[in-house]
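Q: Go ahead and model the full structure; you've got the sequences and the hints to work with.
Listed below are the residues making up each chain.
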Amino acid sequence: MSVAIDFTGKVAIVTGAGSGIGRATARLFAAAGASVIAADRADSVHETPAGDARIVAHQADTADEAAVVALVERAEREFGRLDVFYANAGISGTKPGGLWDSDPADWAEMARVNLIGPFLAVKHAAPAMVRRGGGAIVCTASVAGLRSGAGPASYSATKAGVINLVQTAAQQLAGTRVRVNAICPGLIETGMTRRAYDYAREHGKMDRIGQLNPLRRGGEPEEIASAALFLASPLASYVNGHALVIDGGLSSSHPLTPGELARTYTGA
Amino acid sequence: MNGLFDLTGKVAVITGSSRGIGRAIAEAMADHGARVVISSRKQDACDAVAAAINAKHRAGTATAIAASISSKDALQELVDRTQSEVGQIDVVVCNAASNPYYGPMSGISDDQFRKIIDNNVLANHWLIQMVLPGMIERKDGAIIVVSSIGGLRGSAELGTYAISKAADIQLVRNLAVEVGRHNVRANAIAPGLIKTDMARALWENPANIERYNTTHPMRRIGEPGELAGAAVFLASRAGSYVNGQTVVVDGGSTV
Numbered sequence: 000m001s002v003a004i005d006f007t008g009k010v011a012i013v014t015g016a017g018s019g020i021g022r023a024t025a026r027l028f029a030a031a032g033a034s035v036i037a038a039d040r041a042d043s044v045h046e047t048p049a050g051d052a053r054i055v056a057h058q059a060d061t062a063d064e065a066a067v068v069a070l071v072e073r074a075e076r077e078f079g080r081l082d083v084f085y086a087n088a089g090i091s092g093t094k095p096g097g098l099w100d101s102d103p104a105d106w107a108e109m110a111r112v113n114l115i116g117p118f119l120a121v122k123h124a125a126p127a128m129v130r131r132g133g134g135a136i137v138c139t140a141s142v143a144g145l146r147s148g149a150g151p152a153s154y155s156a157t158k159a160g161v162i163n164l165v166q167t168a169a170q171q172l173a174g175t176r177v178r179v180n181a182i183c184p185g186l187i188e189t190g191m192t193r194r195a196y197d198y199a200r201e202h203g204k205m206d207r208i209g210q211l212n213p214l215r216r217g218g219e220p221e222e223i224a225s226a227a228l229f230l231a232s233p234l235a236s237y238v239n240g241h242a243l244v245i246d247g248g249l250s251s252s253h254p255l256t257p258g259e260l261a262r263t264y265t266g267a
Numbered sequence: 000m001n002g003l004f005d006l007t008g009k010v011a012v013i014t015g016s017s018r019g020i021g022r023a024i025a026e027a028m029a030d031h032g033a034r035v036v037i038s039s040r041k042q043d044a045c046d047a048v049a050a051a052i053n054a055k056h057r058a059g060t061a062t063a064i065a066a067s068i069s070s071k072d073a074l075q076e077l078v079d080r081t082q083s084e085v086g087q088i089d090v091v092v093c094n095a096a097s098n099p100y101y102g103p104m105s106g107i108s109d110d111q112f113r114k115i116i117d118n119n120v121l122a123n124h125w126l127i128q129m130v131l132p133g134m135i136e137r138k139d140g141a142i143i144v145v146s147s148i149g150g151l152r153g154s155a156e157l158g159t160y161a162i163s164k165a166a167d168i169q170l171v172r173n174l175a176v177e178v179g180r181h182n183v184r185a186n187a188i189a190p191g192l193i194k195t196d197m198a199r200a201l202w203e204n205p206a207n208i209e210r211y212n213t214t215h216p217m218r219r220i221g222e223p224g225e226l227a228g229a230a231v232f233l234a235s236r237a238g239s240y241v242n243g244q245t246v247v248v249d250g251g252s253t254v
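The listed protein sequences correspond, in order, to chains A and B.
0 is the number of the first residue of the first sequence in numbering that gives the first Met the number 0; add one for each residue after it.
0 is the number of the first residue of the second sequence in numbering that gives the first Met the number 0; add one for each residue after it.
Hint data in this document are derived by calculation from the structure and do not stem from the laboratory.
One should not assume that every hint holds.
Claimed, not checked - With a straight-line cut-off of 20 Å between C-alpha atoms, the simulated EDC-like cross-links for lysine to aspartate or glutamate are: (1) A:Lys122 / A:Glu72; (2) B:Lys114 / B:Glu156; (3) A:Lys94 / A:Asp105; (4) B:Lys138 / A:Glu219; (5) B:Lys138 / A:Asp206; (6) B:Lys55 / B:Asp5.
As the list claims (entries may be wrong) - Derived coverage of chain A by chain B (criterion: at least 3 residues anywhere in the stretch with Cβ under 8 Å from a Cβ of chain B; other residues may be distant): (7) 45-52; (8) 68-74; (9) 211-221; (10) 245-251.
We put the beta carbon where it would ideally sit given N, CA and C, even for glycine.
A: If you want it as structure tokens, here you go:
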């Protein structure tokens with residue numbers, strides 16, 4: 000086994016690269032030597048870490064099929080290959096309230112971005128990877144997809160869907176040398192959780208962030224990026240169809256107070 | 000960047016490391032800069048692996064200390080000698096395990112049942128109990144237990160083994176909750192079918208290997224070295240927020 004994780008000569012697409020986990024991962028893949036296409040929506044693409052020598056920004060709605068096709072085509076046309084697709088773009092919704100406060104339009108948009116996006120990534124990245132002998136697809140799911148209480152209902156349901164997507168994709172891509180895995184982050188300080196962190200800071204309650212967590216802290220985007228790098232690397236050559244949970248132990252424990260988990264996440 | 004997976008300055012004790020998965024983990028951890036302690040029942044087998052690692056790296060990278068995991072005294076000696084001869088233990092990999100019985104659970108003897116639970120669960124608990132105080136004191140440590148996908152599914156022939164491996168998954172989950180606040184992380188790895196001596200009966204079975212080569216998502220069984228990456232990830236800074244988890248390394252056979 001080679002000691003250094005070296006992606007020199009490899010090409011990676013990272014979506015949702017304009018913030019948090021995606022941005023950290025784009026930087027890490029570039030630091031490991033990969034050429035990175037950092038994709039995000041029109042309103043966030045300027046936040047991607049393009050400007051780093053090996054990162055190019057790409058504007059795309061990652062739930063739009065034509066846009067995903069174009070994204071994969073750019074990797075092949077401009078860089079000659081596609082080795083890694085990190086389908087990370089996602090939304091968590093901003094409407095407060097419970098299941099009964101949401102409506103089909105909320106669910107449709109959540110499913111479009113969080114589930115159809117990763118589906119399109121698998122659908123179009125896998126054939127490109129097969130063309131050159133293999134590759135790795137990683138999708139961001141969430142601990143919210145494992146059980147209740149860690150996010151809105153629609154968000155949680157789509158993230159559960161992502162976990163099954165990688166299992167089914169791994170099975171259907173049998174024999175292709177394309178591996179498909181998911182990462183289930185716990186509470187990580189990103190644009191998505193900024194409200195909770197800002198609320199905690201403003202109210203002098205930062206000690207409450209991650210208090211239910213065995214490690215007694217929230218996680219950093221870089222701690223998810225390192226897992227994406229691991230899953231895409233030869234270190235994980237026999238890891239396939241797995242949902243790797245990175246939550247400091249949150250989902251291993253019983254929440255101290257039922258419902259408290261959700262309040263910790265939303266800052267409500 | 001590669002500092003993320005760097006284990007320079009760390010001391011790792013790996014049980015069952017004269018062969019198979021344990022040896023591959025020890026070699027990979029040494030490749031990533033750790034000093035490793037090679038341990039299994041026979042000293043000469045440990046010596047040979049340590050010598051090979053030292054020849055590849057430099058003298059002192061690997062130290063051979065034989066210990067039978069079924070002896071609490073031997074495990075204590077392993078820990079004491081590691082601490083005095085190598086240094087404080089930063090990483091422990093509970094990899095050694097037994098499986099003396101194949102068949103339906105109706106046929107297993109009490110002694111066989113106890114042997115499996117003793118070696119695969121209680122011995123891990125012993126070793127972890129011995130290394131934890133130092134890790135808690137230093138507010139840093141990584142505990143890795145090698146479980147199995149046997150612990151995730153029912154089995155027609157490996158029932159008690161599967162029970163012991165499920166217990167290992169709960170062992171790390173529980174340790175995560177108990178000691179996570181001290182920045183000590185506990186995780187498991189659940190290998191699928193890997194080409195080791197222990198699993199020889201499974202992969203030398205022509206029907207079984209044929210099934211893997213035609214229906215398994217990766218159309219093959221795994222190699223010991225393919226488990227080592229997960230162990231390095233879990234032991235290193237790259238895995239600093241992974242706690243209480245079981246990383247399945249089975250090529251997708253349980254999807």
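Q: Against this structure, judge whether each hint is valid.
A: Hint by hint, here is what the structure shows:
For the given pair, Lys122 of chain A sits about 13 Å from Glu72 of chain A by alpha-carbon distance, which is consistent with the 20 Å threshold. For the hint pairing Lys114 of chain B with Glu156 of chain B, the CA-to-CA distance comes to about 16 Å; that is within 20 Å, so the pair holds. Note on Lys94 of chain A and Asp105 of chain A: the hinted pairing holds, with a Cα-Cα distance of about 9 Å set against a maximum of 20 Å. Under the criterion of a C-alpha separation no larger than 20 Å, the hint pairing Lys138 of chain B with Glu219 of chain A is consistent with the structure, at around 19 Å.
At most 20 Å may separate the alpha-carbon atoms for a hinted pair to count; Lys138 of chain B and Asp206 of chain A meet this at roughly 18 Å. Restraint check: the Cα-Cα separation between Lys55 of chain B and Asp5 of chain B comes to about 17 Å, which is no more than 20 Å; the hinted pair holds. Counting residues of the stretch 45-52 of chain A whose beta carbon lies closer than 8 Å to any beta carbon of chain B gives 0, which falls short of the minimum of three for the stated coverage. With 0 residues carrying a beta carbon less than 8 Å from a beta carbon of chain B, the stretch 68-74 of chain A misses the three-residue requirement, and the given coverage is violated.
A count of 6 residues in the stretch 211-221 of chain A with a Cβ less than 8 Å from any Cβ of chain B is obtained; the coverage claim is therefore met, three being the minimum. Under a criterion of three residues with beta carbons nearer than 8 Å to beta carbons of chain B, the stated coverage of the stretch 245-251 of chain A is upheld, 6 such residues being counted.
Violated hints, listed in ascending order, are 7, 8; each of the other numbered hints is respected by the structure.
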